[in-house]
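For the record, the sequence lines run as chains G and L.
Take 0 as the starting number for the first sequence in numbering that gives the first Met the number 0 and just add one per residue.
Take 0 as the starting number for the second sequence in numbering that gives the first Met the number 0 and just add one per residue.
Treat the hints as calculated values from the structure; they're not laboratory data.
Quick caveat, the model's predicted, so the values are computed rather than measured.
Note that beta-carbon positions come from the ideal geometry of N, C-alpha and C, so glycine has one too.
Worth double-checking, as some hints may not be accurate.
To be verified - A few chain L residues facing chain G, derived, Cβ under 8 Å:
{"hint": "1", "residue": "GLU41"}
{"hint": "2", "residue": "VAL223"}
{"hint": "3", "residue": "ALA228"}
{"hint": "4", "residue": "LEU239"}
{"hint": "5", "residue": "ASP242"}
{"hint": "6", "residue": "THR245"}
{"hint": "7", "residue": "GLY347"}
What the hints assert, rightly or not - In silico negatives: residues of chain G with every beta carbon more than 10 Å from chain L:
{"hint": "8", "residue": "ASP12"}
{"hint": "9", "residue": "GLY14"}
{"hint": "10", "residue": "PRO61"}
{"hint": "11", "residue": "LEU90"}
{"hint": "12", "residue": "ASP92"}
{"hint": "13", "residue": "GLY98"}
{"hint": "14", "residue": "GLU103"}
{"hint": "15", "residue": "VAL212"}
{"hint": "16", "residue": "ARG216"}
{"hint": "17", "residue": "PHE258"}
{"hint": "18", "residue": "ASP269"}
{"hint": "19", "residue": "HIS311"}
{"hint": "20", "residue": "LYS335"}
As the list claims (entries may be wrong) - Chain G regions said to be covered by chain L (calculated; three or more residues, Cβ under 8 Å):
{"hint": "21", "region": "136-146"}
{"hint": "22", "region": "273-286"}
Chain by chain, the residues run as shown.
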Amino acid sequence: MKPAPAISAQCLDIGYRTGKAGQLGIQRGLHIDLYPGELTCLLGANGAGKSTLLRTLSGFQPPLGGSICIDGRPIEEISKRDLSHLIGVVLTDRTAIGGLTAYEVVALGRQPHTGFFGRLSRADDEIVRNALAACGIATKTHEFMASLSDGERQKIMIAKALAQECPIVILDEPTAFLDVVSRIEIMSLLHSIAAEQNRAILLSTHDIEQALVLGDRLWLLSREYGMQTGVTEDLILNGAFDRLFPHAAIHFDPLHGSFYPTVTRQHIVDVACHDETLLHWVVNILNRNGYAANLTAGTECTRALLRIASPHDIAWSCGTEQIAFASFEELAMFLKQRND
Amino acid sequence: MSNTPATYRHNSGLLIAILALLVAGLWVANLFVGSVSIPSQEVWRILWGGDASVESWQYIILESRLPQAVTALLAGAALAVAGLLLQTVFNNPLAGPSILGIDTGASLGVAVVMLASNMLNLANGMPGGIAAVGGAFVGATAIMAVILFFSTFVRDNLMLLIIGIMVGYLASSLISLLNFFATSQQVHAYTMWGLGNLGNVTLQQLPLFASLSLAGLFISVLLVKPLNAMLLGTRYAENLGIDIRTTRNLLLLSTGLLTAAVTAYCGPVAFIGLSVPHIARLLLRSSNHNSLLPVTMLCGAAVLLLCNLISTLPSDGIIPINAVTPIIGAPVIIYVIVNQRKINYFNG
Chain G
0 MKPAPAISAQ CLDIGYRTGK AGQLGIQRGL HIDLYPGELT CLLGANGAGK STLLRTLSGF
60 QPPLGGSICI DGRPIEEISK RDLSHLIGVV LTDRTAIGGL TAYEVVALGR QPHTGFFGRL
120 SRADDEIVRN ALAACGIATK THEFMASLSD GERQKIMIAK ALAQECPIVI LDEPTAFLDV
180 VSRIEIMSLL HSIAAEQNRA ILLSTHDIEQ ALVLGDRLWL LSREYGMQTG VTEDLILNGA
240 FDRLFPHAAI HFDPLHGSFY PTVTRQHIVD VACHDETLLH WVVNILNRNG YAANLTAGTE
300 CTRALLRIAS PHDIAWSCGT EQIAFASFEE LAMFLKQRND
Chain L
0 MSNTPATYRH NSGLLIAILA LLVAGLWVAN LFVGSVSIPS QEVWRILWGG DASVESWQYI
60 ILESRLPQAV TALLAGAALA VAGLLLQTVF NNPLAGPSIL GIDTGASLGV AVVMLASNML
120 NLANGMPGGI AAVGGAFVGA TAIMAVILFF STFVRDNLML LIIGIMVGYL ASSLISLLNF
180 FATSQQVHAY TMWGLGNLGN VTLQQLPLFA SLSLAGLFIS VLLVKPLNAM LLGTRYAENL
240 GIDIRTTRNL LLLSTGLLTA AVTAYCGPVA FIGLSVPHIA RLLLRSSNHN SLLPVTMLCG
300 AAVLLLCNLI STLPSDGIIP INAVTPIIGA PVIIYVIVNQ RKINYFNG
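Between the sequences and the hints, there should be enough to build the whole structure, so can you do that?
In structure tokens:
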């Protein structure tokens with residue numbers, strides 16, 4: 000049985016109010032549920048309304064229509080102060096915190112819990128240190144933000160959201176501008192926090208690869224098809240991804256969980272290869288050079304046949320023509336010449 | 000080890016103590032040193048209520064140097080804190096009451112009151128009078144409100160700064176227009192006031208000036224927690240439960256009071272608001288308002304007391320305060336801009 004959703008939105012219209020009674024709707028009629036204990040990834044093209052949706056769910060801007068319930072209560076009935084105990088955010092906004100230490104920034108997350116002057120109690124101090132440790136940056140505790148890398152800063156902001164002790168954490172593109180190591184670290188971190196601390200974590204990202212690996216649930220948002228939600232594997236296998244970027248030049252490969260450019264294939268080549276990795280890259284080089292690979296070659300070969308035993312043993316036969324290549328570089332040169 | 004919170008707090012405590020001593024020293028120096036040379040034992044005796052051997056010395060110490068030293072102390076702290084508040088709320092280290100046109104707004108208020116009081120035959124219209132203080136407050140808060148309004152949709156900080164400069168120009172052009180309608184006597188009084196003079200505040204005016212400045216400083220102390228949250232930007236602050244509207248209104252009130260009080264009495268004093276918060280951050284090596292606010296107050300007081308001391312050094316007459324403040328302020332700003340990659344609060 001599914002747990003009660005942390006955030007539940009019905010018939011949600013999002014967008015901006017423009018002037019008097021004017022509206023710029025971006026998405027209409029969204030039905031979404033965000034569950035605790037799960038990492039939910041919001042994917043979609045630029046302009047599909049990802050940031051607008053996150054801002055609306057975080058309470059930064061009012062919905063144009065429909066309802067949002069947080070922890071079972073309608074969002075408009077929750078005071079800003081109470082909301083700061085329910086939702087912690089990590090944004091892409093410009094900050095001016097270079098002159099604060101990592102500890103001081105994470106301690107800002109305690110503000111909803113501290114008194115008028117923000118003085119930290121012993122318990123607050125422990126929560127801040129635990130948040131830093133949970134994000135694997137305890138060694139940077141007393142370093143200035145200015146001296147940290149982009150990945151470390153992002154972890155500090157996540158630690159700030161953790162120190163806020165909210166059941167819901169919403170992050171707007173937390174892995175943008177990060178290198179692949181930091182991207183994987185941060186996604187793994189968020190996934191384990193969701194599971195271990197039973198928090199509902201929602202993030203938007205363009206990093207489909209990591210979202211498919213670590214996202215428990217996906218929200219796919221597109222202008223044309225609206226919102227499709229579900230457990231990652233269900234969405235991959237039911238073709239939802241082809242509706243994410245409805246664009247002729249792009250298609251989703253469910254085997255590898257990635258988008259590929261649709262190639263206009265001029266020739267078809269039969270391919271015989273017993274190694275899966277090798278096969279993948281053979282298809283890749285053929286596609287890039289305008290060939291389609293036929294993997295179910297029959298016995299009677301009328302077309303060209305490519306046999307690959309190893310990256311250094313590639314054989315091309317077409318009728319009487321027999322050529323051997325010792326590397327993919329030689330194959331690529333041959334394919335290009337043959338195209339001309 | 001050098002940066003554990005305990006030693007860190009210890010360091011800021013030590014810095015505050017040193018600065019407090021420095022301010023006290025400079026304040027006393029302002030009583031003992033001036034254009035007229037008075038022997039220190041005479042100064043000492045006069046301060047303790049004794050009679051001076053030269054009668055005018057008593058007047059100089061009690062009616063001129065004492066109020067002027069208190070004024071420099073408070074005005075320095077007030078302008079520096081106004082600058083700090085503006086830099087934090089606009090997320091721009093180059094903001095300040097002069098650059099954003101807020102003290103020009105105060106000047107406009109004073110000019111309007113001067114002209115109107117002449118037409119309506121009101122007393123108190125001259126700079127330093129209650130009506131002028133009111134006019135300065137209205138002018139300063141009006142400009143600040145205009146800039147805050149623009150800041151809700153102009154996201155680029157540099158552009159906002161330029162809007163501030165433009166609004167300042169508009170206010171100064173209105174001032175020139177008003178001068179056109181004023182009597183030559185008024186223009187002269189206004190021009191003298193515009194040069195900036197910490198000696199304008201008389202002993203009788205001091206209580207009002209002090210209460211207004213202290214009220215502005217008091218409000219700023221109440222804002223320490225939201226100011227720290229504001230370092231993250233308004234949306235983060237909102238998510239931390241900060242009431243943005245109340246905070247902005249209090250900031251408006253505080254910067255308005257601080258800038259208006261100083262400007263109405265002493266004229267527009269440049270560079271303190273812009274540069275002192277940088278001196279404070281460089282000394283403290285932190286943007287945390289818990290310690291940055293007191294350090295900024297003390298630095299502001301120290302810098303303006305020092306400037307006042309320098310301005311009274313010549314034996315014949317005084318140098319206008321606005322000729323001295325840039326000598327300390329401008330190099331600080333240039334230093335900070337040139338070294339911004341190495342300075343922590345510029346990077347993050």
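Each hint, compared with the structure:
At about 45 Å, the closest approach between the beta carbon of GLU41(L) and any beta carbon in chain G exceeds 8 Å, and the interface hint on this residue is violated. A distance limit of 8 Å between C-beta atoms decides the matter here; for VAL223(L) the minimum to chain G is near 6 Å, and the interface restraint holds. Checking ALA228(L) against chain G: minimum C-beta separation of about 6 Å stays under 8 Å; hint holds. Taking 8 Å as the C-beta cut-off, the interface hint given for LEU239(L) holds, the closest approach to chain G being about 4 Å.
Proximity of ASP242(L) to chain G holds as hinted, the smallest CB-CB distance being about 7 Å (cut-off 8 Å). Using the Cβ-Cβ criterion of 8 Å, the hint placing THR245(L) at the interface with chain G is not satisfied: the shortest such distance is roughly 11 Å. Annotation: interface hint on GLY347(L) holds; nearest CB of chain G at approximately 3 Å, less than 8 Å. Under the 10 Å C-beta cut-off, the non-interface status given to ASP12(G) relative to chain L holds; the minimum distance is some 22 Å.
Against chain L, the non-interface label of GLY14(G) holds: every CB pair exceeds 10 Å, the least being about 17 Å. Taking the minimum C-beta to C-beta distance to chain L, about 13 Å, the non-interface status of PRO61(G) holds against the 10 Å cut. Look at LEU90(G): its CB is around 6 Å from the nearest CB on chain L, not clear of 10 Å, so calling it non-interface is violated. Here ASP92(G) does not stay apart from chain L, with its beta-carbon only about 4 Å from theirs, under the 10 Å limit.
For GLY98(G), the requirement that its beta carbon stay farther than 10 Å from each beta carbon of chain L is not met, with the minimum near 3 Å. With a least CB separation of 6 Å from chain L, GLU103(G) falls inside the 10 Å interface cut-off, contrary to its annotation. Look at VAL212(G): its CB is around 29 Å from the nearest CB on chain L, clear of 10 Å, so calling it non-interface holds up. Against chain L, the non-interface label of ARG216(G) holds: every CB pair exceeds 10 Å, the least being about 23 Å.
The non-interface label for PHE258(G) is consistent with chain L: the shortest C-beta to C-beta separation is roughly 31 Å, beyond 10 Å. In this structure ASP269(G) is separated from chain L by more than 10 Å, as the shortest Cβ-Cβ distance comes to about 58 Å. Non-interface status of HIS311(G) relative to chain L is upheld: no Cβ of that chain comes within 10 Å, the nearest being about 50 Å off. Even its closest Cβ contact with chain L, about 47 Å, leaves LYS335(G) beyond 10 Å, as expected for a residue assigned away from the interface.
Only residues whose C-beta sits within less than 8 Å of a C-beta in chain L count toward coverage, and the region 136-146 of chain G has 6 of them, enough to reach three; the restraint holds. Proximity of the region 273-286 of chain G to chain L, defined as three or more residues with a beta carbon under 8 Å from a beta carbon of that chain, is not established by the 0 residues found.
In summary, the structure is inconsistent with hints 1, 6, 11, 12, 13, 14 and 22 from the numbered list given earlier, while agreeing with the others.
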